[in-house]
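Asks: For reference, the chains in residue letters:
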Amino acid sequence: MPHNLSHEELLQEYLKLQSRVTRFSAKEQELINVRDLLDQELVGYKRMNEFHTAAIEVHEVPQLLELIAETLVDLFEMEIGFACFRHWVEQDRYHCHLEGAGKFKGEMQEALHRLCADQEGVYDWKDGLTDEGMPLARYMLGKKHRSGSAVEMVVVAGVSQEKARTYGLIDRRKYTLFQLFVESCSAHLERIFARERIQAQLETIRKSELELRRLSLIATNINSGVIITDAKARIVWVNDAFKKTTGYLEEEVIGKKPKDFLQAEGLNGDETLHRLSRALQQHENVSVDLKNVRKNGEVFYLRLTISPVRDQENQLVNFIAIQQDITDEKVSESKMLKQNEELIKINQELDQFVYSISHDLRAPLLSIQGLLGLINTQGLRDENREYLGLIGESTKRLDQTILEILNYSRNARLDVQFESFNLKTTMANILSDLGSMRLDVKTTLDWSGEEEVVQDEIRVGVLLKNIIANAIKYSKPGGGAWVEVRAIATPQAMQIIITDNGEGIDTHHLRQVFDMFYRATTSSPGTGLGLYVSKEITEKIGGTISIESTLNIGTEVTIILPQHEHEQISID
Amino acid sequence: MLKFHSYSTRMVNTRRGVMECLESAVGEDTSQINLLIWHASLGHDFQDLVDAARELVPHARIVATSCCGVVGREGVSESMKDIALMAVEGKEFAVAHCDGLNGKNAFAKCEQMARSLQEQDPNVNMVYFLGSGIDTANDQCIQAFESVLGKEVTIFGATSSDNMKGVVNYQAVDDEVMEHGAYAVGFSDPTLKVETQATHGFVAVGEPLVVTKSNGHLIQELDGQPAWEAFTRRLGLDASAECGDTIPIGALAEKLSEDLAKEYGNDHILRVVTGRVGNEMQYATEVAEGTELWLTKRDEPLIFSEMDRIVEEIRGRMDDAAPVAVFHADCLARGRFLFDRIIKEELVGKMQFPFYENGQCPPWLGMYGFGEFARLGGKNEYHNYTTALYVLYR
Numbered sequence: 003m004p005h006n007l008s009h010e011e012l013l014q015e016y017l018k019l020q021s022r023v024t025r026f027s028a029k030e031q032e033l034i035n036v037r038d039l040l041d042q043e044l045v046g047y048k049r050m051n052e053f054h055t056a057a058i059e060v061h062e063v064p065q066l067l068e069l070i071a072e073t074l075v076d077l078f079e080m081e082i083g084f085a086c087f088r089h090w091v092e093q094d095r096y097h098c099h100l101e102g103a104g105k106f107k108g109e110m111q112e113a114l115h116r117l118c119a120d121q122e123g124v125y126d127w128k129d130g131l132t133d134e135g136m137p138l139a140r141y142m143l144g145k146k147h148r149s150g151s152a153v154e155m156v157v158v159a160g161v162s163q164e165k166a167r168t169y170g171l172i173d174r175r176k177y178t179l180f181q182l183f184v185e186s187c188s189a190h191l192e193r194i195f196a197r198e199r200i201q202a203q204l205e206t207i208r209k210s211e212l213e214l215r216r217l218s219l220i221a222t223n224i225n226s227g228v229i230i231t232d233a234k235a236r237i238v239w240v241n242d243a244f245k246k247t248t249g250y251l252e253e254e255v256i257g258k259k260p261k262d263f264l265q266a267e268g269l270n271g272d273e274t275l276h277r278l279s280r281a282l283q284q285h286e287n288v289s290v291d292l293k294n295v296r297k298n299g300e301v302f303y304l305r306l307t308i309s310p311v312r313d314q315e316n317q318l319v320n321f322i323a324i325q326q327d328i329t330d331e332k333v334s335e336s337k338m339l340k341q342n343e344e345l346i347k348i349n350q351e352l353d354q355f356v357y358s359i360s361h362d363l364r365a366p367l368l369s370i371q372g373l374l375g376l377i378n379t380q381g382l383r384d385e386n387r388e389y390l391g392l393i394g395e396s397t398k399r400l401d402q403t404i405l406e407i408l409n410y411s412r413n414a415r416l417d418v419q420f421e422s423f424n425l426k427t428t429m430a431n432i433l434s435d436l437g438s439m440r441l442d443v444k445t446t447l448d449w450s451g452e453e454e455v456v457q458d459e460i461r462v463g464v465l466l467k468n469i470i471a472n473a474i475k476y477s478k479p480g481g482g483a484w485v486e487v488r489a490i491a492t493p494q495a496m497q498i499i500i501t502d503n504g505e506g507i508d509t510h511h512l513r514q515v516f517d518m519f520y521r522a523t524t525s526s527p528g529t530g531l532g533l534y535v536s537k538e539i540t541e542k543i544g545g546t547i548s549i550e551s552t553l554n555i556g557t558e559v560t561i562i563l564p565q566h567e568h569e570q571i572s573i574d
Numbered sequence: 384m385l386k387f388h389s390y391s392t393r394m395v396n397t398r399r400g401v402m403e404c405l406e407s408a409v410g411e412d413t414s415q416i417n418l419l420i421w422h423a424s425l426g427h428d429f430q431d432l433v434d435a436a437r438e439l440v441p442h443a444r445i446v447a448t449s450c451c452g453v454v455g456r457e458g459v460s461e462s463m464k465d466i467a468l469m470a471v472e473g474k475e476f477a478v479a480h481c482d483g484l485n486g487k488n489a490f491a492k493c494e495q496m497a498r499s500l501q502e503q504d505p506n507v508n509m510v511y512f513l514g515s516g517i518d519t520a521n522d523q524c525i526q527a528f529e530s531v532l533g534k535e536v537t538i539f540g541a542t543s544s545d546n547m548k549g550v551v552n553y554q555a556v557d558d559e560v561m562e563h564g565a566y567a568v569g570f571s572d573p574t575l576k577v578e579t580q581a582t583h584g585f586v587a588v589g590e591p592l593v594v595t596k597s598n599g600h601l602i603q604e605l606d607g608q609p610a611w612e613a614f615t616r617r618l619g620l621d622a623s624a625e626c627g628d629t630i631p632i633g634a635l636a637e638k639l640s641e642d643l644a645k646e647y648g649n650d651h652i653l654r655v656v657t658g659r660v661g662n663e664m665q666y667a668t669e670v671a672e673g674t675e676l677w678l679t680k681r682d683e684p685l686i687f688s689e690m691d692r693i694v695e696e697i698r699g700r701m702d703d704a705a706p707v708a709v710f711h712a713d714c715l716a717r718g719r720f721l722f723d724r725i726i727k728e729e730l731v732g733k734m735q736f737p738f739y740e741n742g743q744c745p746p747w748l749g750m751y752g753f754g755e756f757a758r759l760g761g762k763n764e765y766h767n768y769t770t771a772l773y774v775l776y777r
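Residue numbers (my numbering), protein chains in the order written: chain A, 3 to 574; chain B, 384 to 777.
Think of the hints as simulated: they come from the structure by calculation, not from any bench. Just so it is clear, CB atoms sit at the ideal spot from N, CA and C, and this is done for glycine as well. Do not rely on the hints blindly, as some may be mistaken.
Residues from chain A that face chain B, not an exhaustive set, calculated with beta carbons under 8 Å [claimed, not checked]:
hint, residue
1, Arg25
2, Ser27
3, Ala28
4, Asn35
5, Glu72
6, Asp76
7, Glu79
8, Glu81
9, Gly104
10, Thr168
Bound conformation, chain A alone (with noise of 0.2 Å):
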């Protein structure tokens, strides 16, 4: 400066001399300042580090969201921090978190979906307002988008019109940061979705475990004996019952096949063991009744169902054979077919007995019945005719009662046979046969449908012979007597009703008319035996019959017989 100045020129020199210093206030302000973002940057990535420190610990989605929102408006100064993430394959999964909106927090939500479903992109950020009426005056929004994933996550910091002008511009240098933050915080999110999935498979394991403890449990403690063999039927584990059974210990049997020790020679039929072997080639499940051998050479017998075992690949690992001590079932099994032979054998003796008895009865009966017929009456006198009616009257008695047991002594003995006739023709024989029993009585028949039926045709004509019999049997004496018979066939059944107006049968006396030597009234002799051959009759050829009556108004009995086949049936 020269040395010469005035005083004036002094003066200009000393004020531009003083506004370079408070100018060089201003300039080391403006580092100051520069200090500070840098500072606050700092502050910020310290910041992030708590931010991770917090959200490892966090393993529900809703709570990271809420530390993301919270953590977005202290890292970034922000007024609000929204964070919300989508999935969307499972469409229910949504949450949001807004921070800091206070009263509008509602109008804000609602904007910043908008916001959230408009803007595309990754890591975008805007100043100033992009939409009409939205309330933010500047935000950062940040969006993972990740290909492969059904997730979706936006992050958006912002500040609302109305604190727009207490907080500061965003400054560029919070980008890279906010960017880093959006990584993390959607790394966090992806953590917390395997989280989930590991946790998922583990109860998934756990409840295997457990479901494998309980089986195990009752593989090791039931009565049966259970063998789990290897894919080659070797013996890998067996259990306390098989032991049990079988006399034999788990280190003598492991590694070996069940037949190679448990089988004997001819002990089972081949059929039996082709269809074992058969099944464990094919691996199918099979069960059969075998003969084994125990340690001590005991034979044993024993119900084994073996079904094999498939990993998720469906290759056979194992089989499991269960297998149960039948032996005393196998023993009763055997007595009670032994006696039942005896009884079939006592009873068809009976039976021949019976028929034979009453056959060779009925003859001389028939001779007395003939010679009564023969007798001259007119010499006689009064009381002789009597007696010898009486005689008569007790031989056809007599006769019945044999006819009866035949009947029943037949049905007993005979097999079934099942052949085409014509029942209308049958019906109509056996109501003209029976029509002298009483003349009195007025029968009719009322017939519709198939006349030609499949049926036991001897057995049929005994039972309606018996029914329709009684039927005129106990009608109603004085005129006036009926009975009616109305027959359906179809081509799969038939059904006769035989109503009558005779003097009916007490209630109390309906439960019993079917059981043996069962009589319901004394107004007329009887056995006792003819409904309840009818019943033995009707259930051995597949029929059903059953019967109604009033005392003094009549009696309906009801036939109901299925059509059968041309066919023999026996049955026993």
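Chain A is already provided as a structure; the job is to place chain B on it using the hints.
Replies: Same frame as chain A, now just chain B:
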């Protein structure tokens, strides 16, 4: 006998912040708490804050103010989500408040508050005053309180702020939230004494700007030129600069008398420009035409040495008595826009450590605001760009 509890934290969720402060400062049993004094930065919604406090301690009076950061026993925090509490047990206090406070009605509004305090409790012997930091004549506030309560009653406290934008600040009393309000808590515990002192550590540079036209707290012309243009030109800023741009570098210094300068440790007391109205500047106090205002430079070694000095002097005046609570106001321009974190924490350590008792910091409620109230020369005074400590002791 009043008892104090404090806690401060940085918490995004206002409700959780309130809850954490209460639980940490007081514990679960809040039945003995009668007054909650909250400082919170602007990121918190003040209605949410007082609602949460009301719900948690329904029987207590609640006062709150906005600031640019907080200082507590837990350290310094200057974020948008700071929150700090001083919870007070006991009944020896009164609360008054007003809304619509500005530079023109400051005296009248504060006089009303002072009368309210006196009516509630005639034994009020110190006042914790928190008023709006924007468009206020703080010297008028002091005069109003003194006119009612007497000059011997210590007025300490601060003015609310935002995050140094000079746009908006909040005050809340019980359930009412205000933007141009003020509250005053008058303490009347006879066992309590208070020591206050402020320091700035700035030096005046160059030639002063002379106020050539003013109206109350509004400066209309400096050196015969429109005030805002002249001010920003001298600062090396464009005329379009906003108030927030000028605050860190625009501390204006008024010369002190020799006596006061000696006590203050500085020849000048500083004033802040809290707002711009066209070409006019809102000044923190009333300013007479002809007043000389110097621009200033920060002197970091002086800031540190002065801090040591005032702490030592306060402790000396306490005669070994134990501090029961410390209120603390710091100018927001002394925060993150002046010091980096390390230096600032060192400075806060320097002001807190001398008051430790048995290794424990006393309950501490500090804030970064626009201005500070502390006594100077035996009188209540308003300061800017200072650290002001108010140590309550018995």
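Asks: Hint by hint, which ones does the structure fall short of?
Replies: none
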